[in-house]
Every structure is written in C-alpha cells, then in structure tokens.
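Under the UniProt record's numbering, think of the first position of the sequence shown as 1, with each following residue one higher.
There could be a bad hint or two in this list.
EDC-like cross-link-like pairs, simulated, lysine to aspartate or glutamate; straight-line CA separation at most 20 Å [as the list claims (entries may be wrong)]:
#	residue 1	residue 2
1	Lys6	Glu125
2	Lys338	Glu95
3	Lys18	Asp38
4	Lys18	Glu117
5	Lys291	Glu319
6	Lys47	Asp22
7	Lys70	Glu88
8	Lys76	Glu88
9	Lys63	Asp38
10	Lys4	Asp52
11	Lys74	Asp115
12	Lys135	Glu125
13	Lys225	Glu159
14	Lys315	Glu331
15	Lys74	Asp329
16	Lys4	Asp34
17	Lys18	Asp115
18	Lys74	Glu95
19	Lys291	Glu159
20	Lys70	Glu95
21	Lys63	Asp41
22	Lys200	Asp185
23	Lys182	Asp207
24	Lys338	Asp185
25	Lys74	Asp52
26	Lys284	Glu125
27	Lys171	Asp185
28	Lys4	Asp121
29	Lys245	Asp219
30	Lys225	Glu204
31	Lys338	Glu67
32	Lys245	Glu216
33	Lys156	Glu319
34	Lys70	Asp12
35	Lys6	Glu31
Label-pair restraints from in silico Cβ distances [to be verified]:
#	residue 1	residue 2	range
36	Lys213	Ser26	26 to 34 Å
37	Arg241	Gly321	29 to 37 Å
38	Phe15	Asn226	31 to 39 Å
39	Asp22	Asp183	34 to 42 Å
40	Pro250	Val306	18 to 26 Å
No lab work stands behind these hints: they were computed from the structure. Since we're looking at a predicted model, the values are computed, not measured. The beta carbon of each residue, even a glycine, is placed where N, CA and C say it ideally should be.
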Amino acid sequence: MFEKIKVLVVDDSAFMRKMISDMINSQPDMEVIDTARDGLDALEKIKRLNPDVVTLDVEMPYKNGLEVLKEIDKEKTQVIMLSSLTAEGSAITIEALRLGAFDFIQKPSGSISLDIEKVKDDLVEKIRYANAHIKRRRIKPLVRYEALTSLENNQKPIEAILIGASTGGPKVLFELVTQLPKDLDLPVLIVQHMPAGFTKAFAERLDRYSSLKVLEAQDNVIINKNHVYIAPGGFHMLVNRNRIKLDLSPQVHGVRPAVDKLFLSAAHEFDGRLLAVILTGMGKDGAEGIKAIKQRGGITIAQDEVTSTVFGMPKAAIETGCIDYVLPDKEIANQIVKIVRGRS
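I would like the entire structure built from these sequences, with the hints used as guidance.
Shown next as structure tokens:
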C-alpha cells in the first residue's frame, strides 16, 4: 500500500476549503489531513501534523499567506499559494515565490471562486510535483557537469541573453538577474511561465532590486542594452529587427508565453549570437529553441537537477545534446558574466 501525499488546505472561506479538499481527496494518491481557516490556525496545524504539501491562501486575516510562509520549514513542507488576481495579491504571490513557495494557482474568479474546479488538474499536478521535490532535494549531487559540448574559439560575439523558466523560476531569476552587473552591455529577454497580471508585478519587483532596468515587455519596443524584458502573461514574445513583438498565436506546450517561441525567433534574428539559459520547470519548453541556437553557434546553459525545483525543462534541453554547461542555480549568473566578458 503506497503512502498518500498529506495535504493541509488553508483558506479563510469555508466554501473554498470544502471545494479544494474535495478536489484533492478525489485523487487516489493524496488526501487532505486537515484544513485551517487563517494563518495562526495554519501554523499550529503545520507544526502538529507535518503535512507534505500546504495549499495556502494569499489573503487571510491575522497572518496572510506571506507571513505564514516565512515560518514554514520548507525543507519538510512544500507550499502552493492560491492567489486571486488583485494588485496586492499578485505582489504578495511574487514575493512568496521568491521566499521559497513551490508554485501558485490563480483562483479563476476572485477570493471565493465558484468555478474553482477549473484549476483542479493544475492543482493536483503541482501537489504531486511539490511532493516529489521534497524527496528529490535530499539527494546529494553525484556528478558536476561543465562544458558538455566542445566550444570553439571563433564563435560569434554575443548580442543578447535569453532565459526560459517555469516552476521554481521566479526565485532563481530573482537571484540571477540581481547579480548581473549594470554594465552588462547586452539586453536580457526572459520567458517565465506565469498568467497575465502576475508578470507585471514580477517585473516591478525585479526592477526594484536589480542594477539593470527590468520591465514587462510591450509590443514594438526597441530592444535596448542593459534592459531586462519579461514576456507578459498571455502573450508570446518574439524579436524582429531589434524590436519586441507580442503574439497571440496558439499556446505552445500548453503555455503562452512559450520559451520556444522566443528562442526560435531570436535564433533567426540574431543568427546564433546568443547566450541561452534554461532554468527549472515542468515539461520540455525551450528544448527546440536550444537546438536552433546551438546549431547557429550560440552558447547554452541549463540548471542542474539538484537545484531545480522541477527537472523537466533543463533535462529536455540537456537531452538534445546542445547544452554547453549544466550548473547549479547560484553559479549561473557568474558563468553568464564570464562568457560575456570573455567574448566581448
């Protein structure tokens, strides 16, 4: 008999607690061990029950989701935030991801969402990934990868840096972008899988702490050096003649924005004069783009398995055979600077 994933559901609405619990309990591999009505109630039950995963409402009385998150031992319990799309809620959610929340789910229609069933598949999938992450993070690294491919001395000079990320990405991106120097002298274009409304808050928080100018990308803007452009939720971000083009074509790999759309577009526009990075995330988005960039002479980096929240996207990129470096999250910014400085 397998051990079920133990989940604590935290929400100040009795209706939401019941609906979320029913969705989770309908799955054969997980169960709700209890619910909590506010932040203080949640902290007491987390300490007493030791759940594997907590679904945590962002906006609650006494202690909000962010305050609760700060007191949770994230080595033992993973947290999935549930957020309504408000200016305050999205800002708190972005800060929660930076502080180590595993991921978040957007409530479809506000704090009390009668249509919460719409996010059932997404929620249960993230609970499974969160539980797997707890087990995997205890594994010690066995191999250090570096320079997997043969780098040639006559490669083209880099003209732009591209980064793709999904689950776990906001925390890594915060550390990475804020470590980049103000005289990087290159533009940085980022696709982070995130719904519309949250990317603006994400860009604003990054901008507050970064030496570079960080902004949510807008259609037809000129791509400037020492600027970081975040693809807005709901739009693919492409490049054409040194301008950003926002695109509403269908989802790729079930997401929009998609990393592959940016990478493939940029590979053509910059003819491989690129440094492309794939960070933590579910699925395989970015792998095709990595191949195109490498085939045109670019340099590529993937986050390693041990530091990835979900080793899906980096693994798919590595399996193409087109990754030059596989590195822990905290070493990627330094490697970017070394590559740029060495070839500028």
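These are the hints, each one checked on the structure:
Distance check on the hinted pair: Lys6 and Glu125 sit about 14 Å apart at the alpha-carbon level, within 20 Å; holds. Proposed proximity of Lys338 and Glu95 is contradicted: the alpha carbons are some 29 Å apart, above 20 Å. Of the pairs offered as hints, the one joining Lys18 and Asp38 holds, with about 15 Å between alpha carbons and a cut-off of 20 Å not exceeded. For the suggested pair Lys18 and Glu117, the alpha carbons sit about 12 Å apart, so the restraint of at most 20 Å is met.
Note on Lys291 and Glu319: the hinted pairing holds, with a Cα-Cα distance of about 10 Å set against a maximum of 20 Å. Between Lys47 and Asp22, the direct Cα distance comes to roughly 23 Å. Violation of the 20 Å bound is thereby established for this hinted pair. A distance of roughly 18 Å separates the Cα atoms of Lys70 and Glu88; the hinted pair therefore holds under the 20 Å criterion. Proposed proximity of Lys76 and Glu88 is contradicted: the alpha carbons are some 28 Å apart, above 20 Å.
Proposed proximity of Lys63 and Asp38 is supported: the alpha carbons are some 7 Å apart, at most 20 Å. Annotation: proposed proximity of Lys4 to Asp52 holds, straight-line Cα distance about 10 Å (limit 20 Å). For the proposed pair Lys74 and Asp115, the alpha carbon gap of about 30 Å is over 20 Å, so the pair is violated. The suggested pairing of Lys135 with Glu125 holds, with an alpha-carbon distance near 16 Å, which does not exceed 20 Å.
A threshold of 20 Å between alpha carbons decides the hint, and for Lys225 with Glu159 the separation of about 9 Å falls inside it, so the pair holds. Straight-line distance between C-alpha atoms of Lys315 and Glu331 comes to about 18 Å, which keeps the hinted pair within the 20 Å bound. Proposed proximity of Lys74 and Asp329 is supported: the alpha carbons are some 18 Å apart, at most 20 Å. Using a Cα cut-off of 20 Å, the hinted pair Lys4 and Asp34 holds, with the two alpha carbons roughly 14 Å apart.
With a C-alpha separation of about 13 Å, the suggested pairing of Lys18 with Asp115 holds against the 20 Å cut-off. For the suggested pair Lys74 and Glu95, the alpha carbons sit about 15 Å apart, so the restraint of at most 20 Å is met. Note on Lys291 and Glu159: the hinted pairing holds, with a Cα-Cα distance of about 18 Å set against a maximum of 20 Å. A threshold of 20 Å between alpha carbons decides the hint, and for Lys70 with Glu95 the separation of about 11 Å falls inside it, so the pair holds.
Between Lys63 and Asp41 the CA atoms are separated by roughly 9 Å; this keeps the pair inside 20 Å, and the hint holds. Distance hint between Lys200 and Asp185 is unfulfilled; the C-alpha atoms sit about 24 Å from each other, more than 20 Å. Between Lys182 and Asp207, the direct Cα distance comes to roughly 12 Å. Compliance with the 20 Å bound is thereby established for this hinted pair. Restraint check for Lys338 and Asp185: satisfied, since their Cα atoms lie roughly 13 Å apart, inside the 20 Å limit.
Under the criterion of a C-alpha separation no larger than 20 Å, the hint pairing Lys74 with Asp52 is consistent with the structure, at around 10 Å. As the CA atoms of Lys284 and Glu125 are separated by approximately 16 Å, the hinted pair is consistent with the 20 Å bound. Between Lys171 and Asp185 the CA atoms are separated by roughly 24 Å; this puts the pair beyond 20 Å, and the hint is violated. With a CA separation close to 17 Å, the supplied pair Lys4 and Asp121 stays within the 20 Å bound.
For the given pair, Lys245 sits about 5 Å from Asp219 by alpha-carbon distance, which is consistent with the 20 Å threshold. A hinted pair counts as satisfied when its Cα atoms are at most 20 Å apart, and Lys225 with Glu204 qualifies at roughly 18 Å. Under the criterion of a C-alpha separation no larger than 20 Å, the hint pairing Lys338 with Glu67 is inconsistent with the structure, at around 38 Å. For the hint pairing Lys245 with Glu216, the CA-to-CA distance comes to about 13 Å; that is within 20 Å, so the pair holds.
Restraint check for Lys156 and Glu319: the C-alpha separation of about 24 Å exceeds 20 Å, so the hint is violated. Of the pairs offered as hints, the one joining Lys70 and Asp12 holds, with about 19 Å between alpha carbons and a cut-off of 20 Å not exceeded. Distance check on the hinted pair: Lys6 and Glu31 sit about 6 Å apart at the alpha-carbon level, within 20 Å; holds. The beta-carbon spacing between Lys213 and Ser26, approximately 46 Å, falls outside the hinted interval of 26 to 34 Å.
A beta carbon spacing of about 31 Å between Arg241 and Gly321 agrees with the range 29 to 37 Å that was offered as a hint. Hint check: Phe15 to Asn226, Cβ distance near 48 Å, so the stated range 31 to 39 Å is violated. Distance hint check: the CB atoms of Asp22 and Asp183 are about 54 Å apart, inconsistent with the given range 34 to 42 Å. Range check, Pro250 to Val306: about 35 Å between beta-carbon atoms, so the 18 to 26 Å window is missed.
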